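K.L.:
Take a look at the letters that make up each chain.
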Amino acid sequence: VADIPKLSPTTILVLQAIANGQVYGYGIMQHTGLPSGTIYPILSRLEREDLILSRWEKRLPSEQDQRPPRKYYRLTSKAAKLLATAEGKHGRSERVKAVNS
Amino acid sequence: VRVTLAMQRMFLWAAACGLPSVAHAEWLAQWNSELWYVHREGAARGETWRFAFGSLQDSVFIRRYLPEESLYLTHSPVGCLVTMALLNAALRCLALPFPPSRGILATVLHGHVLGDSFQLERHLRFSATAGTASGTDLYGIHCSHEDPLRIAVISVR
Chain G
1 VADIPKLSPT
11 TILVLQAIAN
21 GQVYGYGIMQ
31 HTGLPSGTIY
41 PILSRLERED
51 LILSRWEKRL
61 PSEQDQRPPR
71 KYYRLTSKAA
81 KLLATAEGKH
91 GRSERVKAVN
101 S
Chain B
1 VRVTLAMQRM
11 FLWAAACGLP
21 SVAHAEWLAQ
31 WNSELWYVHR
41 EGAARGETWR
51 FAFGSLQDSV
61 FIRRYLPEES
71 LYLTHSPVGC
81 LVTMALLNAA
91 LRCLALPFPP
101 SRGILATVLH
111 GHVLGDSFQL
121 ERHLRFSATA
131 GTASGTDLYG
141 IHCSHEDPLR
151 IAVISVR
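Protein chains in written order, with my numbering: chain G, 1 to 101; chain B, 1 to 157.
A portion of the hints provided could be inaccurate.
Stated by the list, open to error - One-sided and incomplete, this derived list gives chain G residues near chain B with beta-carbon spacing under 10 angstroms:
| id | residue |
| --- | --- |
| 1 | Tyr24 |
| 2 | Leu43 |
| 3 | Arg45 |
| 4 | Ser54 |
| 5 | Trp56 |
| 6 | Pro69 |
| 7 | Arg70 |
| 8 | Lys71 |
| 9 | Thr85 |
| 10 | Ala86 |
FYI, nobody ran anything at the bench for these hints, they're computed from the structure. Since the model is a prediction, treat every value here as computed from it, not as a measurement. Note that CB positions come from ideal geometry on N, CA and C, so glycine has one too.
Work out the full structure, taking the sequences as your base and the hints as a guide.
P.N.:
Here's what the structure looks like:
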């Protein structure tokens, strides 16, 4: 239990956004209402702590679309368990309210 | 929109200069990509700038996270020289709108006003020197009503 990282309310919000299908940085920003200067450092840290995985979109589809490839994120099983624990402990809606206020 | 996007890309590039070399390319690619999508989704100009400014915070965070790595633009002597030259050019560009700065630059580059005598705005007369005495403090000052761009380097005794 000691090595389980503590999740801040903001981190939980980001994990919830990814769990809800927001898979890239700007989408997570829009979903959470947090600024880019907060979201991207959190994503970097979560990736280093093996709570999320990232992958670059393959070049071919985006080249056909004339748009740049994006970096996508998804939760690891470790993060999913942590998130479930955190949500069970504090209640998902209260957590979101706390962060938004 | 294109000009704004170009300026924001320059800002991202500048923010990326502080990153470790190993993280530089991917970090920049991700921010450039996301910025492109922010514009595509029709965000207001202020919002796009706020998004771009966030890159600086991210860059500082990563810099703290990977302190053992050398900076992207200072990991070699050539890189260091390029960085200094770019900073020099950027600072000169920033200084151009301010007339006294133009004068200082002109003085530094040409030094043709040294040794002359100048009337200051407050009607005090100073004799400009070239700093012949050791330990003399040299200052660039605004010298003349007639020629506001003219700057002298003087010694203050």
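K.L.:
Go through the numbered hints given earlier and state which of them the structure violates, listing their numbers in rising order.
P.N.:
Violated hints (numbers, rising): 9 and 10; every other hint is consistent with the structure.
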